[in-house]
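Here is what each chain is made of, one letter per residue.
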Amino acid sequence: MEDTKLVELFWARDESALTAVSEKYGGLCRELARRLLGSDQDAEECVSDVLLRLWESIPPQRPLSLKAYMLKITRNLTVDRWRGNTAAFRAGELTALTPELEACLPLAPSAEEVSGERQTAQAVDRWLKTLSKDDRALFLRRYWFGDTVKEIAQSRGVPANRLAQKLNRLRGGLRRALEKEGIVL
Amino acid sequence: MSERCAYLLAALGGLEEELILEAAEDRARRRRRWPRRLVKTLAACAAVAVIGVGAFYFLPIGGQSGESNVGGKGDEPRSFLLYEGPVLPLTLRDDQEDISAERSVTLDFAGWDMDGTELLIRDSYTLQNTSGEDRTVRALYPFIGRFYEVSRRRPVLTLDGVELETTLLAGYYAGGYEGAWKGSIGGDELGGSVNMNYPDFWEDYRDLLADGSYFAAAESPYPDFTGVTAWVYDLTDPWYTLTEGQEAPRPVLHITFPLDYAKTRLLYTGGFSGWSLDGDEGWMCLLYGIPGETSGSYKDDGHRTLLVVGEDVGEVKIEGFTAVAEKEAQPMEAGATITRREVDLEEYLRALALEQYGSYDGQDGRPDFETVYGQFKLWLVTDGPLAREPKERYRGGDLWFSEVASVDRVMWLEAEITVPAGASVTLTAELHKTGSSDPFHARGSVGGAEYELATRLGSNLAFTNQSATLEDRGKIEIIRQNFGFDLKNGIKTVDLTGEIYFLEVKAKAD
Chain A
1 MEDTKLVELF
11 WARDESALTA
21 VSEKYGGLCR
31 ELARRLLGSD
41 QDAEECVSDV
51 LLRLWESIPP
61 QRPLSLKAYM
71 LKITRNLTVD
81 RWRGNTAAFR
91 AGELTALTPE
101 LEACLPLAPS
111 AEEVSGERQT
121 AQAVDRWLKT
131 LSKDDRALFL
141 RRYWFGDTVK
151 EIAQSRGVPA
161 NRLAQKLNRL
171 RGGLRRALEK
181 EGIVL
Chain B
1001 MSERCAYLLA
1011 ALGGLEEELI
1021 LEAAEDRARR
1031 RRRWPRRLVK
1041 TLAACAAVAV
1051 IGVGAFYFLP
1061 IGGQSGESNV
1071 GGKGDEPRSF
1081 LLYEGPVLPL
1091 TLRDDQEDIS
1101 AERSVTLDFA
1111 GWDMDGTELL
1121 IRDSYTLQNT
1131 SGEDRTVRAL
1141 YPFIGRFYEV
1151 SRRRPVLTLD
1161 GVELETTLLA
1171 GYYAGGYEGA
1181 WKGSIGGDEL
1191 GGSVNMNYPD
1201 FWEDYRDLLA
1211 DGSYFAAAES
1221 PYPDFTGVTA
1231 WVYDLTDPWY
1241 TLTEGQEAPR
1251 PVLHITFPLD
1261 YAKTRLLYTG
1271 GFSGWSLDGD
1281 EGWMCLLYGI
1291 PGETSGSYKD
1301 DGHRTLLVVG
1311 EDVGEVKIEG
1321 FTAVAEKEAQ
1331 PMEAGATITR
1341 REVDLEEYLR
1351 ALALEQYGSY
1361 DGQDGRPDFE
1371 TVYGQFKLWL
1381 VTDGPLAREP
1391 KERYRGGDLW
1401 FSEVASVDRV
1411 MWLEAEITVP
1421 AGASVTLTAE
1431 LHKTGSSDPF
1441 HARGSVGGAE
1451 YELATRLGSN
1461 LAFTNQSATL
1471 EDRGKIEIIR
1481 QNFGFDLKNG
1491 IKTVDLTGEI
1501 YFLEVKAKAD
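Here the protein sequences line up with chains A and B, keeping their order. Numbering-wise (my numbering), the first sequence opens with residue 1 and increments by one. Numbering-wise (my numbering), the second sequence opens with residue 1001 and increments by one.
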C-alpha cells in the first residue's frame, strides 16, 4: 500500500492502518532500534511505542514520507530510552557512538544558553548539505543509523581504516561548523 | 558519556527527512555479508586445498627433519589451543597527516627457551614530522594479555632511549562463549554459553580491532551503581544435630527462596557447592556444606553472603540434608543464622573488589584498581549476573572476580610525545611475548611455539616501511613461517608488506 493511502487511513481513524504500516515499515524500525539499543525486547517495545505515536500524531500531521517519519520517531524514542538508562544498553551502538561524537562537540563557554535541539539539527542539516552525497551518507549511516564502520566498509568495498579516517575528518568538520554557527551544547 | 554528547545524539533526530532517506537508500544497497563463522569455515577449506596440492611442509607431521630452515613462506597462520595473539602496531590517538612512521621489529631469542617460550620483542618506530611545527601527540601501544600478568608483561616504552610514563587503557574480554557440547556431533547446533570461547586465531583480533569500536568502547565510562539499593543476607553459625543412628559427615544446607529472575538477581562470592534455578516456578536453591573441623589449612567459619539486586527475595528457607547427591539426601536437623541488611550496591561491590584486588600478582605495573573494578562492573552488566541476558556460565550468580583478571583482552599503553618540526624521534616498545602453542599436539602441532606480528591492524599511522629482524641466537629451528627468514642462507632481515606474519619454532636439536 502506498504511503499516501496509509496516511489517509490514519486520517480516517481506520485501525487497519496500524497493521499495514507495521507490515511495511515495522521491520525497518525494529532493526534500527535493536541496533541502537542492543536489546530485542526493548526494540520490540520501541516499535509498539512508534505505532502509538503515529496514531496520536496523524492527524494532525500529514508526513510526505511515512518511512522517514517512522524512522525519525523510532530513533527519537530509542535515544530517549537509552538516555534514561545508559547502563542497561551498553551493548547497543548508541553507547559506542558517544565517545566518537565527543569530537563533534563545539568548544563553547558554559555560561551561554544551550542551543535548542531544533536549532542544532538545522545547523547540522546545513553542514551536511556542504558534503558530497557519499560523505553525507557515510556520516548518517554511522551516527544516525548506527551502522558500524566495518559494515559500511563492507557494503562499499573499501578498507575500514580509510573510512574511519574519513569519519574522523567529518567529525572535526562538524565541530568547526557548529562553532562557526555559534551552537552551544 | 557526557550530557552534551547525548544532547547532540538527540538533536540529530531532528535532521531533514530527505537526508535520512538518502542515507537509508545507501544502506539498502549494502552487499550481502558472509557470516563470520562461514568465512572461517571457508578459510579452513582453502587451507585444506593448499595442503592438497603438495605443500606438505605447511603442516609437518611429527618426525620431519630440521634441514629446512626456510619454513613455509606464503603459508597462513593457524589457530592455537593456547593462543597469545599477534604483536600489534603502534597507533596515535588522533590522525596526524604530518607524521609518518618507519617500523623495525626485532625478534630476539636470547633469553628464550622452549619451556618458557618467552621471546623478547623490540618494536621500534621512527616517527618523522614533515611539518614546520612541533607535533605533540598521544601514542597508543596495544598489547594482548590478561590483567593478572600485566605486571610481568607490560611493555616498556622509550622515546630516544628515555623511558616514557604511560597510562593503561583496557578493552573488554576479547572472546565469546560457547555451549558445553560444542565440537561434539550435533553439539554446535545446541548453542549455549556455558564455556569460554577464547580467541584462537588472528582474525578474531582483526574483527575486534578493525573498525575502532572496540577501542571506543574501552574509553567509554564504566557503569555506576551509586544509589542502587541491594540487600545482603549473611548466613552465619551453621549448625546441625544428628539423631540416633544417623550419619552425616558433611551435612548440607539447602537455602531456598522465591525469585523472579526478571525482577531479581542474586549474587554471591563463592562458598556454595551448587545452585539450581527454576525460572518457571520462580524459585532458587543454593547448597552449601557445613564445614567440618578438618577443612584443611583454609579456615572456614561457615559465613556465606548473598547479595540481592532488584526486588528483594521473599522468605528464605533453610533445610538440612545428609548429603549433596539428591538421591541419597535425607532430611536432618540443621540450620544457620540469617541476618539481612540494606547496602548501596556501588559501595558494596567496591569494597568487595578492593579485597580481591589485594590478591593480584605484583604491585608494580599491575592495572590500577579503578580499571580492574570498572571492567568487573562492565562484566557484571555485559555477560555476568547483572546482564539483561546473562551468559549461562554466570546465571547462578557467582561473582567470578578472577574471571575478569584472567580473560584475554587488548590493552593500550598511552604516552604523550613530541615530534619536533622537520625532525624524527624513535619510540621503542620492548616486551616479552609468550608463544602460542598446542599442548599435547592438540591441533596437529609438532610442539612448537608460534609468534605473530600484525603490520597495520588497528593503527592509523602512515608507514613508509616495515621490517623484521630475527636474532635466532642459534637456538631455534623454524617449523613454519611466512616472514621469509632463511637461516641457512643468512637472511635474517626482511621487509614486511603483508597484513599478518607468523613464525613457528622449536628448540634446535643439540
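There could be a bad hint or two in this list.
[Unchecked claim] Quick list of the computed label-pair ranges, beta carbon to beta carbon:
id : chain 1 : residue 1 : chain 2 : residue 2 : range
1  : A       : Q165      : B       : E1165     : 45 to 55 Å
2  : B       : D1234     : A       : R13       : 55 to 65 Å
3  : B       : E1471     : A       : E181      : 54 to 64 Å
4  : B       : T1469     : A       : R176      : 39 to 49 Å
5  : A       : Q165      : B       : A1421     : 19 to 29 Å
6  : B       : T1497     : A       : L64       : 45 to 55 Å
7  : A       : S57       : B       : S1151     : 42 to 52 Å
8  : A       : D134      : B       : T1497     : 24 to 34 Å
9  : B       : I1318     : A       : E56       : 29 to 39 Å
10 : A       : D134      : B       : A1462     : 40 to 50 Å
11 : A       : W55       : B       : E1165     : 40 to 50 Å
[What the hints assert, rightly or not] Just a few of them, taken from the derived set where beta-carbon distance is under 10 Å, the chain B residues facing chain A:
id : residue
12 : L1012
13 : I1020
14 : G1132
15 : A1216
Simulated from the structure, these hints should not be mistaken for laboratory data. As the structure is a prediction and not an experimental result, all values here were calculated from the model. The beta-carbon is built from N, C-alpha and C at its ideal position, and this holds for glycine as well.
Checked hints:
1. A/Q165 with B/E1165: 45 to 55 Å: 28 Å, violated
2. B/D1234 with A/R13: 55 to 65 Å: 60 Å, holds
3. B/E1471 with A/E181: 54 to 64 Å: 58 Å, holds
4. B/T1469 with A/R176: 39 to 49 Å: 44 Å, holds
5. A/Q165 with B/A1421: 19 to 29 Å: Between A/Q165 and B/A1421, where Cβ atoms are some 23 Å apart, the hint holds.
6. B/T1497 with A/L64: 45 to 55 Å: 53 Å, holds
7. A/S57 with B/S1151: 42 to 52 Å: Roughly 59 Å apart at Cβ, these two residues miss the hinted range, so it is violated.
8. A/D134 with B/T1497: 24 to 34 Å: For A/D134 and B/T1497 the Cβ distance comes to about 29 Å; the hint holds.
9. B/I1318 with A/E56: 29 to 39 Å: Given range 29 to 39 Å: violated, Cβ gap about 53 Å.
10. A/D134 with B/A1462: 40 to 50 Å: Because 23 Å falls outside the window, the suggested range is violated.
11. A/W55 with B/E1165: 40 to 50 Å: 60 Å, violated
12. L1012: 6 Å, holds
13. I1020: Where the cut-off is 10 Å and the nearest Cβ of chain A is about 5 Å from B/I1020, the hint holds.
14. G1132: 21 Å, violated
15. A1216: Hint on B/A1216: holds, closest Cβ of chain A at ~5 Å, below 10 Å.
In this structure, the earlier hints numbered 1, 7, 9, 10, 11 and 14 are contradicted, and the remaining ones agree with it.
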